[in-house]
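Numbering (my numbering), first residue to last: 58 to 219.
Check each hint, because a few of them may be wrong.
[What the hints assert, rightly or not] With beta-carbon atoms standing in for the labels, derived distance ranges:
1) L89 <-> E165: 21 to 27 Å
2) F191 <-> A138: 20 to 26 Å
3) I111 <-> F215: 17 to 23 Å
4) I111 <-> L211: 14 to 20 Å
5) V205 <-> G149: 19 to 25 Å
6) Q174 <-> L204: 24 to 30 Å
7) L89 <-> M141: 17 to 23 Å
8) I186 <-> A127: 31 to 37 Å
9) I96 <-> A127: 22 to 28 Å
10) W145 <-> I100: 18 to 24 Å
11) A78 <-> A138: 20 to 26 Å
12) P168 <-> M120: 34 to 40 Å
Simulated from the structure, these hints should not be mistaken for lab results. The C-beta atom is built at its ideal place from N, Cα and C for all residues, glycine as well.
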Amino acid sequence: MFRGRTPFLLGFLVSATAMVAALWYFQHYLGLEPCPLCIFQRISVMVLGLIFFIGLLHGPKGMLRRTYGALLTAASLAGIAIAMRHLWLQYGPHEELGCGPGLDYMLETMPLQEVIQDVLKGTGDCGEIVWSLFGISIPGWTLLLLLVLLWLSLGILFGRSR
Numbered sequence: 058m059f060r061g062r063t064p065f066l067l068g069f070l071v072s073a074t075a076m077v078a079a080l081w082y083f084q085h086y087l088g089l090e091p092c093p094l095c096i097f098q099r100i101s102v103m104v105l106g107l108i109f110f111i112g113l114l115h116g117p118k119g120m121l122r123r124t125y126g127a128l129l130t131a132a133s134l135a136g137i138a139i140a141m142r143h144l145w146l147q148y149g150p151h152e153e154l155g156c157g158p159g160l161d162y163m164l165e166t167m168p169l170q171e172v173i174q175d176v177l178k179g180t181g182d183c184g185e186i187v188w189s190l191f192g193i194s195i196p197g198w199t200l201l202l203l204l205v206l207l208w209l210s211l212g213i214l215f216g217r218s219r
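Working from the sequences, and respecting the hints, build out all of it.
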């Protein structure tokens with residue numbers, strides 16, 4: 058598929074551009090505050106961008122390239138799972154979600170494992186659709202982005218290096 062540093066460059070550019078555009082547009086232009094699941098999705102995209110960037114600088118070959126590919130694939134799949142959970146909360150048949158505390162408060166007062174469990178359960182904020190384009194909400198667009206990054210990750214994992 059791709060060889061050399063190209064997939065690392067593409068992955069970094071896609072993830073960095075998406076994060077900057079999303080932060081500027083949703084938070085600064087529209088004034089939307091992210092829900093805890095949105096923050097987790099952002100973290101997964103940032104982790105992917107960081108790994109792509111390190112891979113771009115490092116230019117790994119052989120087994121080390123496959124290690125980068127495996128890390129990228131795992132991070133992509135984690136982000137995809139979070140985005141799918143978020144979409145389930147928005148569109149799935151569920152009972153009314155109650156409002157929960159903000160992520161900052163949870164991180165200050167609860168152990169990390171409990172914070173992760175509570176965030177993945179979702180809150181009323183997570184089930185609310187505050188913006189959509191062509192009928193696709195923010196987690197849907199994030200899922201599409203993560204699928205593109207997964208495709209690049211799999212290309213690194215299973216592709217041949219120079």
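Now for the hints, and whether the structure bears them out:
At roughly 23 Å, the beta-carbon separation of L89 and E165 lies within the given 21 to 27 Å, and the hint holds. For the pair F191 and A138, the supplied restraint of 20 to 26 Å holds, since their beta-carbon distance comes to about 24 Å. In this structure, I111 and F215 meet the distance hint of 17 to 23 Å, their C-beta atoms being roughly 20 Å apart. Checked against the given bound of 14 to 20 Å, the beta carbons of I111 and L211, roughly 18 Å apart, stay inside it.
At about 24 Å, the beta-carbon gap between V205 and G149 stays in the expected band of 19 to 25 Å. Hint check: Q174 to L204, Cβ distance near 26 Å, so the stated range 24 to 30 Å holds. Roughly 21 Å separates the CB atoms of L89 and M141, a value that falls within the hinted 17 to 23 Å. One distance hint, 31 to 37 Å for the beta-carbon pair I186 and A127, holds here, with the actual separation near 34 Å.
For the pair I96 and A127, the beta carbons lie near 25 Å from each other, so the given range of 22 to 28 Å is met. At roughly 19 Å, the beta-carbon separation of W145 and I100 lies within the given 18 to 24 Å, and the hint holds. The supplied range of 20 to 26 Å is met by A78 and A138, whose beta-carbon atoms lie about 23 Å from each other. The supplied range of 34 to 40 Å is met by P168 and M120, whose beta-carbon atoms lie about 36 Å from each other.
Checked against the numbered hints listed earlier, the structure breaks none of them; every hint is satisfied.
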